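Trainee: The chain contents come next:
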Amino acid sequence: MQTFVRTEMLTPQAPPVTERGVVKWLRENLFSSALNIGLTLLGIATLYYVVTLSLPWLLNGVWTASSLTECRSIIAQNAGPDASGACWAIIHARWYQFIYGFYPPELYWRPVLAFGLLLVALAPILFGDNARNAGLLVSIVSALTILSLFLVNMPMWLFLALSAGLILASYLAYTRLNLLWYLTLLYPFLTVWLLWGGSLWGQVSIMAGFGVLVAAYRLLSPRLGVPIATGIGVVAAVLWWLLLDDKVAEAMQHLIPLAITPIESDKMGGFLLAFIIGVSSISLSLPIGILLALGRQSDMFLVKALSVGFIEFVRGVPLITMLFTASLLLQYFLPPNTNFDLILRVVILVTLFSAAYNAEVVRGGLAALPKGQYEAADALGLDYWQAQRLIIMPQALKVSIPGIVSTFIGLFKDTTLVTFVGLAEPLRGITTIVRADINWKGVYWEPYLFVGAIFFVVCYGMSRYSLYLEGKLRTDHN
Amino acid sequence: MTLAADAPKESFRLGMLIYDTRYRSITIQVIVLILALLFVAWLVDNTRHNLAIKGKDIDFSFLWRRAGYDIGQTLIPYTNDSTHFRAALVGLVNTIVVAVIASILSTVLGVVLGVLRLSNNWIVSRLIGVYVEMFRNVPLLLWIVLIGTVFSETRPQPKDFKVVEGVSKASMSLWNSVAVTNRSTNIPMPMLDRPLPAVGGIDTSLLFIIALIGGCIWVNRLLLRRARIVQETTGIRPVTWYQSLLVLILPTVAALMAMGFHLEYPVFKGFNFQGGISFDHAFSALTLSLTLYYAAVTAEIVRSGIQAISRGQSEAAFALGLRPGRTMSLIILPQALRVIIPPMISQWLSLTKDTSLGIAVSYLDLRGTLGGITLNQTGRELECMLLMMLIYLILSLIISAFGNLYNASVKLKER
Numbered sequence: 001m002q003t004f005v006r007t008e009m010l011t012p013q014a015p016p017v018t019e020r021g022v023v024k025w026l027r028e029n030l031f032s033s034a035l036n037i038g039l040t041l042l043g044i045a046t047l048y049y050v051v052t053l054s055l056p057w058l059l060n061g062v063w064t065a066s067s068l069t070e071c072r073s074i075i076a077q078n079a080g081p082d083a084s085g086a087c088w089a090i091i092h093a094r095w096y097q098f099i100y101g102f103y104p105p106e107l108y109w110r111p112v113l114a115f116g117l118l119l120v121a122l123a124p125i126l127f128g129d130n131a132r133n134a135g136l137l138v139s140i141v142s143a144l145t146i147l148s149l150f151l152v153n154m155p156m157w158l159f160l161a162l163s164a165g166l167i168l169a170s171y172l173a174y175t176r177l178n179l180l181w182y183l184t185l186l187y188p189f190l191t192v193w194l195l196w197g198g199s200l201w202g203q204v205s206i207m208a209g210f211g212v213l214v215a216a217y218r219l220l221s222p223r224l225g226v227p228i229a230t231g232i233g234v235v236a237a238v239l240w241w242l243l244l245d246d247k248v249a250e251a252m253q254h255l256i257p258l259a260i261t262p263i264e265s266d267k268m269g270g271f272l273l274a275f276i277i278g279v280s281s282i283s284l285s286l287p288i289g290i291l292l293a294l295g296r297q298s299d300m301f302l303v304k305a306l307s308v309g310f311i312e313f314v315r316g317v318p319l320i321t322m323l324f325t326a327s328l329l330l331q332y333f334l335p336p337n338t339n340f341d342l343i344l345r346v347v348i349l350v351t352l353f354s355a356a357y358n359a360e361v362v363r364g365g366l367a368a369l370p371k372g373q374y375e376a377a378d379a380l381g382l383d384y385w386q387a388q389r390l391i392i393m394p395q396a397l398k399v400s401i402p403g404i405v406s407t408f409i410g411l412f413k414d415t416t417l418v419t420f421v422g423l424a425e426p427l428r429g430i431t432t433i434v435r436a437d438i439n440w441k442g443v444y445w446e447p448y449l450f451v452g453a454i455f456f457v458v459c460y461g462m463s464r465y466s467l468y469l470e471g472k473l474r475t476d477h478n
Numbered sequence: 001m002t003l004a005a006d007a008p009k010e011s012f013r014l015g016m017l018i019y020d021t022r023y024r025s026i027t028i029q030v031i032v033l034i035l036a037l038l039f040v041a042w043l044v045d046n047t048r049h050n051l052a053i054k055g056k057d058i059d060f061s062f063l064w065r066r067a068g069y070d071i072g073q074t075l076i077p078y079t080n081d082s083t084h085f086r087a088a089l090v091g092l093v094n095t096i097v098v099a100v101i102a103s104i105l106s107t108v109l110g111v112v113l114g115v116l117r118l119s120n121n122w123i124v125s126r127l128i129g130v131y132v133e134m135f136r137n138v139p140l141l142l143w144i145v146l147i148g149t150v151f152s153e154t155r156p157q158p159k160d161f162k163v164v165e166g167v168s169k170a171s172m173s174l175w176n177s178v179a180v181t182n183r184s185t186n187i188p189m190p191m192l193d194r195p196l197p198a199v200g201g202i203d204t205s206l207l208f209i210i211a212l213i214g215g216c217i218w219v220n221r222l223l224l225r226r227a228r229i230v231q232e233t234t235g236i237r238p239v240t241w242y243q244s245l246l247v248l249i250l251p252t253v254a255a256l257m258a259m260g261f262h263l264e265y266p267v268f269k270g271f272n273f274q275g276g277i278s279f280d281h282a283f284s285a286l287t288l289s290l291t292l293y294y295a296a297v298t299a300e301i302v303r304s305g306i307q308a309i310s311r312g313q314s315e316a317a318f319a320l321g322l323r324p325g326r327t328m329s330l331i332i333l334p335q336a337l338r339v340i341i342p343p344m345i346s347q348w349l350s351l352t353k354d355t356s357l358g359i360a361v362s363y364l365d366l367r368g369t370l371g372g373i374t375l376n377q378t379g380r381e382l383e384c385m386l387l388m389m390l391i392y393l394i395l396s397l398i399i400s401a402f403g404n405l406y407n408a409s410v411k412l413k414e415r
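As you go down the protein sequences, you meet chains F and U in turn.
Note that my numbering has the first sequence beginning at 1, numbered continuously upward.
Note that my numbering has the second sequence beginning at 1, numbered continuously upward.
Careful, some of the hints might be misleading.
[Unchecked claim] Sample of chain F residues at the chain U side, in silico, Cβ under 8 Å:
#1 L30
#2 S32
#3 Q297
#4 D299
#5 L306
#6 G309
#7 F333
#8 K413
#9 Y448
#10 V451
#11 Y460
[What the hints assert, rightly or not] Derived coverage of chain U by chain F (criterion: at least 3 residues anywhere in the stretch with Cβ under 8 Å from a Cβ of chain F; other residues may be distant):
#12 145-159
#13 350-362
#14 376-390
[Unchecked claim] Ranges of calculated distance between the beta carbons of each label pair, as one might list FRET restraints:
#15 F:S33 <-> U:R126: 13 to 23 Å
#16 F:Y468 <-> U:I101: 31 to 41 Å
#17 F:P12 <-> U:G325: 34 to 44 Å
#18 F:P287 <-> U:Y406: 27 to 37 Å
#19 F:Y468 <-> U:N404: 29 to 39 Å
#20 F:I228 <-> U:Y406: 46 to 56 Å
#21 F:Y465 <-> U:P343: 16 to 26 Å
#22 F:S84 <-> U:G312: 49 to 59 Å
#23 F:G21 <-> U:R126: 18 to 28 Å
#24 F:S33 <-> U:W218: 26 to 36 Å
#25 F:V51 <-> U:D70: 37 to 47 Å
For the record, the hints were derived by calculation from the structure and aren't laboratory data.
If you're wondering where the values come from, they're calculated on a predicted model, not measured in any experiment.
The beta-carbon is built from N, C-alpha and C at its ideal position, and this holds for glycine as well.
Bound conformation, chain F alone:
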């Protein structure tokens, strides 16, 4: 009797054609059931509709023309009389107004430099522990800024000096990232000076106020403890700003004149304005929001009641009413004859508005922390602020990152609302001005698409960064 024992493996057969490759993918992802087939067809139909509607319009786009009528005649010439086409010429002709508002063209280098420095100053905050990423960001930004500076009008010596500075910053970002923190600290004052111009000493003198605060704190805190030293420091700084600030600045300006052309606030507009309001409100609202959240969690009845009242009031009214408060009511609430800049008023109100939202987000993060963390901090003998700084906040803020970033995105989108108090923001302010031009009457898709695209890039970038940060800070494993 002979038995058959197979000694070698058979080569496996290929799976059936419906179970592999493209066919399998299509079956599983697009045609798995009747409903799915219907959805797929619906999706394809939608896609087809959108593409056939928009693609010719995009492809027939005209970039150089002096008016809408010229645009249309060029499109009719190129693509036939019934063809539709985008008239991008309006963007080509007026892009600078969308970006800079009414800033004097010969001074465009100032906003360009301010924006470039913004990203450089952000590098240590965004990628503080990752010199490679920070260096990459700073060098790309520096290269782009140098290129933009080359394209706008500016004195040659200044261009060379600034380029050298930016290259140095890129080098520092790779090698000694910590040094860039100084730029970050100086940045607010530097930018206000760059954008509004005037005497550098005004900014230096305001900075000196913070110097007074820090000095008082450093000197007094070993002897008097943190709360009293901080209190005295704040009082000293406020006294400095109220009494000495102007005089010192004026005296220094007499001694060593260091001033550039001053620019009025009503010249700010377009995305320049959106970024001024957005960036300053974002950076100011987070600390205020954290303080409000702590106040809301506090054991002290009065502090808690005030925080809750403020947060609930602000969250209960539309931003638009806050903006109208800035433009209509502040004149009643402030001492007679105080008249300060509308942009500053708007920034303050927008900051308070988004601080309330941030407070709620941070409160959510605080509530998510187990009680044991607080007790452990107490057991270690940490005082309130040490516990907050070392134990509570790092964990609570980590949890609240997605919420905080979405508040920031919301805030940046909401900067468009300042149009209703008469500021020339890009979406409605500038677009209305451009569309009122007799040459461009009747254009609507193109400017809105342009503005929308820039908003999209900024907001989408922020949400992507928040995802990156969430991933980086995730310490649990799954």
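Starting from the known structure of chain F, fit chain U onto it as the hints suggest.
Mentor: Frame of chain F; chain U shown alone:
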């Protein structure tokens, strides 16, 4: 044997107000109270001075004077002879109408989009992803302004619909029932030939139809309950779908036919469309853009809510033999709702507040009447703004109160 002596009784020293945690909180609160009172006193004093300089006072009596302006969309009786108070009320109603309609539409659309975004269908989930990101990352104001502009600049004027010698420049859509002009959207209005007699100004026909539909739904539920009892006793579920269909549709249709239901089409007469229902573009643009924008936000909330339910739940449901649709409706959604509802409520809240953006298309809501025309006509900034903020605040507090009630009712009952 020595006993440990009690801790020495400390006499109170001034420094303890700051360094002793027992007293420090009182010190801080007193300081905060003083600062807060000083701040309020400063504001009040400034306001008093400023009002005196301008020769004004705080006086709400302007609310009962003649408003003298027209409002396009009035859902409660109003003429330009009515008072400013009445105008503010009309504005409030307009605000609420937009908020309610846009909330309902955006929630329905958003839930559908959120569920579809998670579907296995590659093309559909990608398309919806693009939609969601596109709407979420661009200011709401852009959509309002863009949709308003498209309505008013691409649509023909009403006079273009006039038929001159058998031809007109523009034609109505959907079988001559809907006319979209550059001012408004005109749709057919449902009418009854033989309505029930009105009692005391109340439309009894409408009440009757609502009651009828309610009754039909109730009968249908009885039917389903009987089917379930049969299923539980015999194990076989009787076929009920044709009975349900009959019960739900037939009585209502019969009643409508008996009362002579027909649609009144908008017709071009004179200078504009007559008959039918006419929606101002201010209203349509605002509602449409709020709906589209908040649908994207809702879709994200629904998606993350569903993804928050652990995968084990759906696997267990599949193991029990439930089909995907039933798994979603019986297992996943009831649990996901607990995660979804709180952010949804704050979405409705912000939608309500965002109706104030109607200013961009000149929609006369509360901000447009009380905080807009009334404010400009009477010059009473302080009173109008404070009143408007108060009303918005009350609206918000009502919505969040409902939200908190709901949250309390669906909270997990734990031991």
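Trainee: Could you tell me which of the numbered hints above are not met by this structure, giving the numbers in increasing order?
Mentor: 3, 6
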